[in-house]
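All chains, please: the whole structure from these sequences, using the hints.
For the record, the sequence lines run as chains H and E.
Going by this note's numbering, the letters in the first sequence line up with residues 1 to 113, in that order.
Going by this note's numbering, the letters in the second sequence line up with residues 1 to 113, in that order.
One thing to keep in mind: the hints can contain errors.
Straight-line Cα separation of at most 30 Å, BS3-like style, residue types lysine-lysine; simulated pairs [as the list claims (entries may be wrong)]:
| id | chain 1 | residue 1 | chain 2 | residue 2 |
| --- | --- | --- | --- | --- |
| 1 | H | Lys57 | E | Lys14 |
| 2 | E | Lys97 | E | Lys14 |
| 3 | E | Lys97 | H | Lys57 |
| 4 | H | Lys56 | E | Lys97 |
| 5 | E | Lys97 | H | Lys105 |
| 6 | H | Lys105 | E | Lys9 |
Bear in mind the hints are in silico, worked out from the structure with no lab data behind them.
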Amino acid sequence: TQLLEQSPQFLSIQEGENLTVYCNSSSVFSSLQWYRQEPGEGPVLLVTVVTGGEVKKLKRLTFQFGDARKDSSLHITAAQPGDTGLYLCAGRNYGGSQGNLIFGKGTKLSVKP
Amino acid sequence: NAGVTQTPKFRVLKTGQSMTLLCAQDMNHEYMYWYRQDPGMGLRLIHYSVGEGTTAKGEVPDGYNVSRLKKQNFLLGLESAAPSQTSVYFCASSYTKTGTEAFFGQGTRLTVV
Numbered sequence: 001t002q003l004l005e006q007s008p009q010f011l012s013i014q015e016g017e018n019l020t021v022y023c024n025s026s027s028v029f030s031s032l033q034w035y036r037q038e039p040g041e042g043p044v045l046l047v048t049v050v051t052g053g054e055v056k057k058l059k060r061l062t063f064q065f066g067d068a069r070k071d072s073s074l075h076i077t078a079a080q081p082g083d084t085g086l087y088l089c090a091g092r093n094y095g096g097s098q099g100n101l102i103f104g105k106g107t108k109l110s111v112k113p
Numbered sequence: 001n002a003g004v005t006q007t008p009k010f011r012v013l014k015t016g017q018s019m020t021l022l023c024a025q026d027m028n029h030e031y032m033y034w035y036r037q038d039p040g041m042g043l044r045l046i047h048y049s050v051g052e053g054t055t056a057k058g059e060v061p062d063g064y065n066v067s068r069l070k071k072q073n074f075l076l077g078l079e080s081a082a083p084s085q086t087s088v089y090f091c092a093s094s095y096t097k098t099g100t101e102a103f104f105g106q107g108t109r110l111t112v113v
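Have a look at this one:
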């Protein structure tokens, strides 16, 4: 059972558009992370959110952690072709071992010029 | 800076054959993970280790065994490969502190025929 549900699974947009990707769970997480993966490579960390309600910005990317620490969102403003890739959320939940890092299924983003 | 190194990068096995995937990290990380990635399924945790000499089951452990005899190495074994184990396998490592980044290897593409 996948504890982290991501939506949408696929997203194809034009350059300059805005988009939001969601990561939801019924479990509480001590922290949530967002990774980006390019074809043929391993995922690379974008951001970690730890505090409920936390908002972090990374240039055109805005990440938010839900107040109850069960969900997170990634918003991209004015998307560019270089943003194309697979976006994955990951977390360690309170109930399990602290070493157990699980991932959502990912959102495959394609930004067309 | 080697980071996380996986060997081999590609392998084709016949059904019933065995093999071992090697993961090595040079960052003195306590935690190490093995994931498999299949289309539309994101990253699924096979086994993980919170320290030398310890291992634990993840979401999809059946058909795999692991060993962590040395802190820097995490081995994933397939005793009798099956076509369902055709996948891309990723190893990752991280420090123990909640929210710290997981660093990934470049992956091993395994095909079982």
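Earlier hints that do not hold, by number: When the structure is compared with the hints, numbers 1, 2 turn out to be violated.
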